[in-house]
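J.: Sequence lines, in order, name chains U and Z.
Counting from 1, one number per residue, gives the positions in the first sequence under our numbering.
Counting from 140, one number per residue, gives the positions in the second sequence under our numbering.
Calculated directly from the structure, the hints in this document are not laboratory data.
We put the CB at the ideal spot given by N, CA and C, even for glycine.
It cannot be assumed that every hint is accurate.
[What the hints assert, rightly or not] Label pairs and their calculated CB-CB ranges:
{"id": "1", "chain 1": "Z", "residue 1": "Glu221", "chain 2": "U", "residue 2": "Leu43", "range": "28 to 36 Å"}
{"id": "2", "chain 1": "U", "residue 1": "Pro120", "chain 2": "Z", "residue 2": "Thr426", "range": "38 to 46 Å"}
{"id": "3", "chain 1": "Z", "residue 1": "Gly203", "chain 2": "U", "residue 2": "Arg6", "range": "51 to 59 Å"}
[What the hints assert, rightly or not] Computed cross-link-like contacts, DSSO-like style, restricted to lysine-lysine with a CA-CA straight-line distance of at most 30 Å:
{"id": "4", "chain 1": "U", "residue 1": "Lys25", "chain 2": "U", "residue 2": "Lys7"}
{"id": "5", "chain 1": "Z", "residue 1": "Lys326", "chain 2": "Z", "residue 2": "Lys351"}
{"id": "6", "chain 1": "Z", "residue 1": "Lys351", "chain 2": "U", "residue 2": "Lys129"}
{"id": "7", "chain 1": "U", "residue 1": "Lys7", "chain 2": "Z", "residue 2": "Lys326"}
{"id": "8", "chain 1": "U", "residue 1": "Lys25", "chain 2": "U", "residue 2": "Lys129"}
{"id": "9", "chain 1": "U", "residue 1": "Lys7", "chain 2": "U", "residue 2": "Lys129"}
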Amino acid sequence: MADDDRKIRILVAKPGLDGHDRGAKVIASAFRDAGFEVIYTGLHQTPEMIVAAAVQEDVDVVAMSVLSGAHMTLFPRVRELLAEAGADHVLLTGGGIIPEEDVTALEEQGIGRLFGPGTPTTAAIDYVKEWFATRQQTT
Amino acid sequence: MTETTLRSPADEALLERFRARKPVALARAISMVEDERPGFQDFLHTVMADGPSARRVGFTGPPGAGKSSLVAAVATAYRTAEEQVGVVAVDPTSPYSGGALLGDRIRMNDIATDPGIFIRSMATRGSLGGLATTTKEVVDLMDAFRFDRILVETVGVGQTELEITAAADTVVVVLVPESGDAIQAMKAGLMEIADVFVVNKADRPGAARLVKELRQALHLRAGSAMKDVPAHHGVDLGRALKRERTEDPPAPDREGWEIPVLTSNALTGEGLEELLETIAHHRTWLTEGGALEERRRERAARRIRDVVDRGLRRVAWRSERVRALLDEGVERIARGGGTPYSAADEILGALLR
Numbered sequence: 001m002a003d004d005d006r007k008i009r010i011l012v013a014k015p016g017l018d019g020h021d022r023g024a025k026v027i028a029s030a031f032r033d034a035g036f037e038v039i040y041t042g043l044h045q046t047p048e049m050i051v052a053a054a055v056q057e058d059v060d061v062v063a064m065s066v067l068s069g070a071h072m073t074l075f076p077r078v079r080e081l082l083a084e085a086g087a088d089h090v091l092l093t094g095g096g097i098i099p100e101e102d103v104t105a106l107e108e109q110g111i112g113r114l115f116g117p118g119t120p121t122t123a124a125i126d127y128v129k130e131w132f133a134t135r136q137q138t139t
Numbered sequence: 140m141t142e143t144t145l146r147s148p149a150d151e152a153l154l155e156r157f158r159a160r161k162p163v164a165l166a167r168a169i170s171m172v173e174d175e176r177p178g179f180q181d182f183l184h185t186v187m188a189d190g191p192s193a194r195r196v197g198f199t200g201p202p203g204a205g206k207s208s209l210v211a212a213v214a215t216a217y218r219t220a221e222e223q224v225g226v227v228a229v230d231p232t233s234p235y236s237g238g239a240l241l242g243d244r245i246r247m248n249d250i251a252t253d254p255g256i257f258i259r260s261m262a263t264r265g266s267l268g269g270l271a272t273t274t275k276e277v278v279d280l281m282d283a284f285r286f287d288r289i290l291v292e293t294v295g296v297g298q299t300e301l302e303i304t305a306a307a308d309t310v311v312v313v314l315v316p317e318s319g320d321a322i323q324a325m326k327a328g329l330m331e332i333a334d335v336f337v338v339n340k341a342d343r344p345g346a347a348r349l350v351k352e353l354r355q356a357l358h359l360r361a362g363s364a365m366k367d368v369p370a371h372h373g374v375d376l377g378r379a380l381k382r383e384r385t386e387d388p389p390a391p392d393r394e395g396w397e398i399p400v401l402t403s404n405a406l407t408g409e410g411l412e413e414l415l416e417t418i419a420h421h422r423t424w425l426t427e428g429g430a431l432e433e434r435r436r437e438r439a440a441r442r443i444r445d446v447v448d449r450g451l452r453r454v455a456w457r458s459e460r461v462r463a464l465l466d467e468g469v470e471r472i473a474r475g476g477g478t479p480y481s482a483a484d485e486i487l488g489a490l491l492r
C-alpha cells in the first residue's frame with residue numbers, strides 16, 4: 001500500500017464519569033463510514049488509559065467526547081501524557097459542551113479544533129482529513 | 140539481507156528503540172508492517188533473526204462468544220505470573236467504506252494501563268480467514284519484542300477464521316450455547332483447527348448439551364481417521380458412541396493430542412484455571428512430542444510462500460510492460476477479441492521471459 005492511501009487511525013475516547021456515550025458512538029460510526037480505522041474503548045476512560053491506547057494503537061488522532069464539564073482538566077492532561085509517552089505527533093481533538101472561551105484557551109495549549117453540539121459529523125471528518133493531508137506533506 | 144540493510148536512518152533509529160523495548164517503537168513498527176511501508180520486510184528480517192520464542196495462543200469463534208473477555212481474563216492471569224503479554228485483536232474492515240470500528244479494547248479496559256501488556260487492534264483490510272494479511276507478521280514483531288506470551292484474537296465471523304493456525308501454537312475455539320449445535324462447528328471447520336474447545340457463558344441453558352455434542356463430534360472425527368482402513372463397514376458406530384458417552388474420555392486428534400472440551404464464564408472467572416492448565420498442558424505436549432517443531436516448520440514454509448507471492452505480485456503490477464499488457468487485454472475483451480485467459484497468458488509470458 002502506498003503512503004498516500006494510508007488509513008487514518010483514530011481513537012474515539014469517552015473520558016470521565018458521565019455515561020453519555022451516544023455522541024461518541026455516532027462520531028465513531030461516522031469516522032468508520034469515512035474510511036477511518038476507529039478504535040473505540042468504551043466509557044469511563046482515564047487519561048492514562050486513553051494515552052496507553054493511543055500509543056499502542058499508533059493512532060494519528062485522538063478524539064475525545066467530553067460532556068462532564070471537565071474539559072479544562074482532561075484535554076491538557078491527555079496532551080501532557082501524550083508528550084511524555086513520545087506521542088507528540090498525535091492530533092488531540094474532540095467535542096462536547098465546551099464554552100467558546102474555553103475552546104480558545106485550549107487551542108492556545110495545543111489542542112486541536114473542538115466541536116460543539118449539533119455539528120454535522122462531516123465537519124469533523126473534513127477537519128481530520130485536512131489535518132492528515134497537511135501532515136503527510138510536511139513529513 | 141544482513142543487519143545493515145535497513146532502508147533509512149529513521150528505520151535504524153526505530154530499530155534501536157525497538158530493541159530497547161519502547162512501546163512507541165513497537166507500535167510504530169507494527170504500523171510499518173501493517174501498511175507494508177517501504178523497508179518493512181528488512182525490518183522484520185532484522186528483528187526476527189533470533190527465531191520465535193513466545194508462547195502464542197489464538198482465540199477464535201463466532202461473534203459474541205466472549206473472545207475478548209476471555210483474552211482479557213487470560214492476559215490478567217499471565218500477568219499475575221509476571222509474564223510480558225502482547226495481544227493482537229482483529230476486527231473486520233467494512234467492504235463498503237474501507238473503514239473499521241475496532242472495539243475489542245472495550246472488554247480489556249481492566250488491563251489497559253498495565254505496562255506489561257501491549258494491546259493492538261487490527262482491521263482485516265479485505266483479508267478473509269479471520270486475520271489481517273499482516274497479522275502473522277505483527278505477531279512475529281511482538282515475539283521479537285520479547286513478550287513471553289502472545290494472545291491473538293480473530294474476527295468473529297464463524298466460518299472462515301482458519302488462518303489462526305498459522306499465527307498461534309495453541310488454538311482455543313470459544314463457543315457459546317447460542318452458537319448452535321456441534322454440526323455448526325463441524326461445518327465451520329472448527330474441529331480441524333481447535334486444540335481446545337471452550338463453551339463460554341456456561342451458565343446459560345444448552346451449555347451441557349453443546350459440550351456433550353462437541354465431545355461426540357470429536358469422537359466421530361477421531362473414528363473417521365480410520366476411514367481408509369478397508370473392511371470397516373461392520374463397525375457399530377452406535378455402540379462405539381454409547382461406550383464413549385459413558386466413559387467420555389477426550390478423543391485424540393491426528394497427532395495424538397486429546398482435544399478437551401471445557402466450560403467457562405469469562406466474567407466470573409469460572410473455568411479459567413482449567414483453561415490455563417490445559418493451555419500449559421498443550422504446550423508441554425507440543426514441545427515434548429515434537430509437534431511444535433513441526434508446526435513451526437509448516438508456518439515457515441507457508442510464510443516463505445506468502446512473502447514470495449507478495450513479491451511476485453509487486454514485481455508484476457509495478458511493471459509498466461505488464462500494466463500495458465493489462466490495458467491491451469481489457470481493450471481486446473471490450474471489442475470482443477479476447478478473454479481474460481489470453482491476456483493473463485501474455486502477461487505471464489512477459490514476466491517469465
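J.: With reference to the structure, classify each hint as holding or not holding.
T.: Results for each hint:
1. Z:Glu221 with U:Leu43: 28 to 36 Å: 30 Å, holds
2. U:Pro120 with Z:Thr426: 38 to 46 Å: 58 Å, violated
3. Z:Gly203 with U:Arg6: 51 to 59 Å: For U:Arg6 against Z:Gly203, whose Cβ atoms are near 31 Å apart, the range 51 to 59 Å is violated.
4. U:Lys25 with U:Lys7: 20 Å, holds
5. Z:Lys326 with Z:Lys351: Holds: Z:Lys326 and Z:Lys351 sit about 17 Å apart, inside 30 Å.
6. Z:Lys351 with U:Lys129: Answer violated: Z:Lys351 to U:Lys129 is near 53 Å, above 30 Å.
7. U:Lys7 with Z:Lys326: Given pair U:Lys7, Z:Lys326 is violated - Cα atoms ~35 Å apart, limit 30 Å.
8. U:Lys25 with U:Lys129: Given pair U:Lys25, U:Lys129 holds - Cα atoms ~19 Å apart, limit 30 Å.
9. U:Lys7 with U:Lys129: Between U:Lys7 and U:Lys129 the Cα gap is close to 11 Å, so the pair holds against 30 Å.
This entry does not satisfy hints 2, 3, 6, 7, going by the numbered hints stated previously.
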